[in-house]
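Residue numbers (the working numbering), protein chains in the order written: chain A, 56 to 166; chain B, 295 to 405.
Since the hints were made in silico from the structure, they are not lab data. Source: prediction; values computed, not measured. Treat the hints with care, since some could be wrong.
Straight-line C-alpha distance at most 27 Å; calculated DSS-like pairs for lysine-lysine [to be verified]:
{"no.": "1", "chain 1": "B", "residue 1": "LYS345", "chain 2": "B", "residue 2": "LYS404"}
{"no.": "2", "chain 1": "B", "residue 1": "LYS351", "chain 2": "B", "residue 2": "LYS330"}
{"no.": "3", "chain 1": "B", "residue 1": "LYS404", "chain 2": "A", "residue 2": "LYS112"}
{"no.": "4", "chain 1": "B", "residue 1": "LYS330", "chain 2": "A", "residue 2": "LYS64"}
{"no.": "5", "chain 1": "B", "residue 1": "LYS330", "chain 2": "A", "residue 2": "LYS112"}
{"no.": "6", "chain 1": "B", "residue 1": "LYS330", "chain 2": "B", "residue 2": "LYS345"}
{"no.": "7", "chain 1": "B", "residue 1": "LYS353", "chain 2": "B", "residue 2": "LYS330"}
Sample of chain B residues lacking proximity to chain A, with all beta carbon distances greater than 12 Å (derived) [to be verified]:
{"no.": "8", "residue": "ASN318"}
{"no.": "9", "residue": "LYS353"}
{"no.": "10", "residue": "GLY360"}
{"no.": "11", "residue": "ALA362"}
{"no.": "12", "residue": "SER367"}
{"no.": "13", "residue": "THR375"}
{"no.": "14", "residue": "LYS404"}
Beta-carbon label-pair distances, calculated as ranges [as the list claims (entries may be wrong)]:
{"no.": "15", "chain 1": "B", "residue 1": "HIS306", "chain 2": "A", "residue 2": "GLU117", "range": "33 to 41 Å"}
{"no.": "16", "chain 1": "A", "residue 1": "GLU108", "chain 2": "B", "residue 2": "VAL307", "range": "22 to 30 Å"}
{"no.": "17", "chain 1": "A", "residue 1": "ARG162", "chain 2": "B", "residue 2": "GLY347", "range": "38 to 46 Å"}
For every residue, glycine included, the Cβ atom is placed at its ideal position computed from N, Cα and C.
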Amino acid sequence: DSGVTQTPKHLITATGQRVTLRCSPRSGDLSVYWYQQSLDQGLQFLIQYYNGEERAKGNILERFSAQQFPDLHSELNLSSLELGDSALYFCATQAYSDTQYFGPGTRLTVL
Amino acid sequence: GQQVMQIPQYQHVQEGEDFTTYCNSSTTLSNIQWYKQRPGGHPVFLIQLVKSGEVKKQKRLTFQFGEAKKNSSLHITATQTTDVGTYFCAGVYNQGGKLIFGQGTELSVKP
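Please model the entire structure based on the sequences and the hints provided.
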């Protein structure tokens, strides 16, 4: 158990819909990273937050957005969903040593 | 830009054979980390290498960081079926910065 929690575990929705994925970091970790992993794909970095502020952006679509709240939990919002958005979405928190601890992921299926 | 290349993408071995995956960066890294993702699971931190020429061992796993801090390798001796999964390297260019993941090497082991 990494100490990072993600909800929900599974999400099935239709094209055009909007969903919110939630991540709670390990106690004391200020950084949250979001990754997308499609079938047979590696980890695509989406976005990073540090103590409530956006720190870095990766290959994140304009239809996607994220935020980190004062209690340090983070949400990833995916809108106008397309079939190609079906993937595993991981959040990870980064310790001072740069080590990342991944949550169990949310499997999103867009039908 | 900052990119970490990892090869091979897939490796199929007979149980008992050795396995090696390689990562390469065009620019010097601050540190490199290795993660393992079991089928259906999330990436789990294995090790971090920081020093030039560093070699670390974990039982049958040997991790190396190149002298120039641009490349790294993971070698597994006498693979077992429990080694199955995808191995990712992740480079850090600036301490505290985001991880740049390689594409991963998927290892399958035939008993």
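Assess, step by step, whether the Cα of LYS330/B is no farther than 27 Å from the Cα of LYS64/A, and give holds or violated. Given pair LYS330/B, LYS64/A holds - Cα atoms ~20 Å apart, limit 27 Å.
Just want to verify: ASN318/B was marked as not at the interface with chain A; is every Cβ pair farther apart than 12 Å? holds, 15 Å
Is LYS351/B within 27 Å of LYS330/B, Cα to Cα? OK: LYS351/B and LYS330/B at ~15 Å, within 27 Å.
Holds or violated: 38 to 46 Å for the Cβ distance of ARG162/A and GLY347/B? holds, 41 Å
Hinted pair, alpha-carbon criterion (27 Å max): LYS404/B, LYS112/A. Please report holds or violated. violated, 40 Å
In this structure, is the beta-carbon distance linking HIS306/B and GLU117/A contained in 33 to 41 Å? holds, 40 Å
Against the 27 Å threshold, does the CA-CA distance of LYS353/B and LYS330/B hold or violate the hint? holds, 15 Å
Mind verifying the non-interface call on SER367/B? Its CB should be farther than 12 Å from each CB in chain A. Holds, since 18 Å exceeds 12 Å.
Classify the label on ALA362/B as holds or violated, using whether its beta-carbon is more than 12 Å from each beta-carbon of chain A. holds, 20 Å
Beyond 12 Å from every chain A Cβ: check whether that's true for LYS404/B. Since the minimum Cβ distance to chain A is about 20 Å, LYS404/B lies beyond 12 Å and the statement holds.
Mind verifying the non-interface call on THR375/B? Its CB should be farther than 12 Å from each CB in chain A. Check passes; 21 Å lies beyond 12 Å.
When you check the alpha-carbon spacing of LYS330/B and LYS112/A, does it fall within 27 Å? holds, 24 Å
In this structure, the hints that do not hold are numbers 1, 3, 16, in rising order.
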